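S.K.: The task is simple: from the sequences and hints, build the whole structure.
Just so you know, the sequences run in chain order W and P.
Going by our numbering, the first residue of the first sequence is number 288, and it counts up by one from there.
Going by our numbering, the first residue of the second sequence is number 288, and it counts up by one from there.
Derived from the structure by calculation, the hints contain no laboratory data.
Treat the hints with care, since some could be wrong.
No distinction is drawn between identical chains; accordingly, a pair holds when it is met within one copy or between any pair of copies.
Taking lysine-lysine pairs in the DSS-like style, the calculated list, with each CA pair at most 30 angstroms apart, reads [as the list claims (entries may be wrong)]: (1) 488 / 349; (2) 349 / 520; (3) 558 / 321; (4) 556 / 488.
Values in this document were obtained by computation on a predicted structure and should not be read as measured data.
2 protein chains.
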Amino acid sequence: MNNRRVYFISDRTGITSESLGESLLNQFENVHFKKRTYPFIDTVEKAETLLAHIQEEVEEDKDWDRPLIFSSIVDRDVRKMINDYPAFHVDFYNTFITSLEEELQTEARRLTGVTHGLRSEESYDKRMEAVNFTLNHDDGITDQGLQNADVILVGVSRSGKTPTCLYLALQYGLRAANYPLTPEDLSSDILPRMLQNHQHKLFGLTIDSERLHRIREERRPDSHYASLANCQKETARAEEMFHRYQIPFLSSTHKSVEELATSILVACKLKRRF
Amino acid sequence: MNNRRVYFISDRTGITSESLGESLLNQFENVHFKKRTYPFIDTVEKAETLLAHIQEEVEEDKDWDRPLIFSSIVDRDVRKMINDYPAFHVDFYNTFITSLEEELQTEARRLTGVTHGLRSEESYDKRMEAVNFTLNHDDGITDQGLQNADVILVGVSRSGKTPTCLYLALQYGLRAANYPLTPEDLSSDILPRMLQNHQHKLFGLTIDSERLHRIREERRPDSHYASLANCQKETARAEEMFHRYQIPFLSSTHKSVEELATSILVACKLKRRF
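M.R.: And the structure:
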């Protein structure tokens, strides 16, 4: 077994470096990675302290191969310091910035912090507005709320609606409402009254019944609500409804919140608000 | 003025490619970029349709320079097709995967969808648990809730606590509760009773009073609550409390939700739960 320490180092949050680094490392099956993320490394002093710390960790595993460093650092001095450390380097900033400068025939500003910074008050406000909207319309539906929603997620209890709505709000600034299908809704053959005027905005979520059973058992053990039979009935009924009313839908069983949110954005041709 | 069309193309959500691409482009001031993101391009057919669409768009702006394509595509055939299109290419996958294969002395699986996929049921459950916890402890505080929280954000109304808590839950699986400082809390010199047993878990958020005034005006125009004088008084009082009780704190004024969440993770030495 190949063992490697992995360091994601960024002058900002490190969320992007970590995410791209992880997606590259996920392509390798037979290596065991021990990963750490270090955000906000934006001064030579911080880099010095970090590298001393890394050196200590590396010395703990003397028989391991050299560590991998995935970094995104704008400042030349900090970057040079990191890149001089004996490791295998993947430099997300420098690898591309020079060729981009050539292509665009203009010099990069080389300013730290233009990435995730508050793009503008306006876009921040849109994001907050969307989050507040989503929180106010989570399981507590009003006609007014549905009217103002960009999209309405429909599904049985615990099918993944709430986190998907929150992600749509945080990542894309969308006003995502959700409508939980109750046992009453599911025993009827017609679309719930409140949804009838908003059919074009509906998106369904379903989930594998065994998975749903496990999730609900955590919440209300040994209840009718959580029983496998009830979960099977509810999901089958919900899917019938989606088919009958031609509501596009997805299963949340094998998808992350990111994938669900992005799939809904594409399927509903939604325009992000910032 | 230099005008460029920019395409972020991914076989998954595109969130990472877009984010890294944006951070590179933000380094260039004098270029106007017209950006579009295309997720889930994972078959040759989808790539063909997309490239035909891109070609149409490019022909609309005949006097513009060639487009930029930022891509992350694992499948060789799909990638080759994209990379053969006449554009300036930044290939986030292929640029690094070969050298990683050499370094790790093992072949990449070259499987699409190992990035943002549900890492495991367990980590999905942790994320959901954190989101549910955060929703249940947003402004509605119980002793039990504070007991189980990983971190408790404290601040005046509209200082950015809720979105930051949600991001901590979604991105890091952390149970983030929040405690809004009421005018009563602020008129006292002692820490609110409910927080007294949890001082080690507190993190403060403050905000520029003029910014707070604008945010609150949107919500309750011309109220005492939203008045600049009241916003100044509340934020000054809150900051005094943070100093008096040595509660670490940050201003949300110029920071994104991502930056706030990551800063809190680091400052409180929190361990992500997945």
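S.K.: The structure should be examined with respect to each hint, and the outcome stated for every one.
M.R.: Comparing the hints with the structure gives:
1. Within a single copy, residue 488 and residue 349 get their C-alpha atoms no closer than 58 angstroms, and across copies no closer than 36 angstroms, so neither meets the 30 angstroms cut-off.
2. Taking identical chains as interchangeable, the C-alpha atoms of residue 349 and residue 520 are never at most 30 angstroms apart, the minima being 57 angstroms within one chain and 57 angstroms between chains.
3. For the identical chains of this complex, residue 558 and residue 321 are inter-copy neighbours only, at 15 angstroms across copies versus 39 angstroms inside a copy, given an alpha-carbon limit of 30 angstroms.
4. Taking CA atoms no more than 30 angstroms apart as the test, residue 556 paired with residue 488 passes inside one copy only; the shortest distance there is 10 angstroms, against 42 angstroms between copies.
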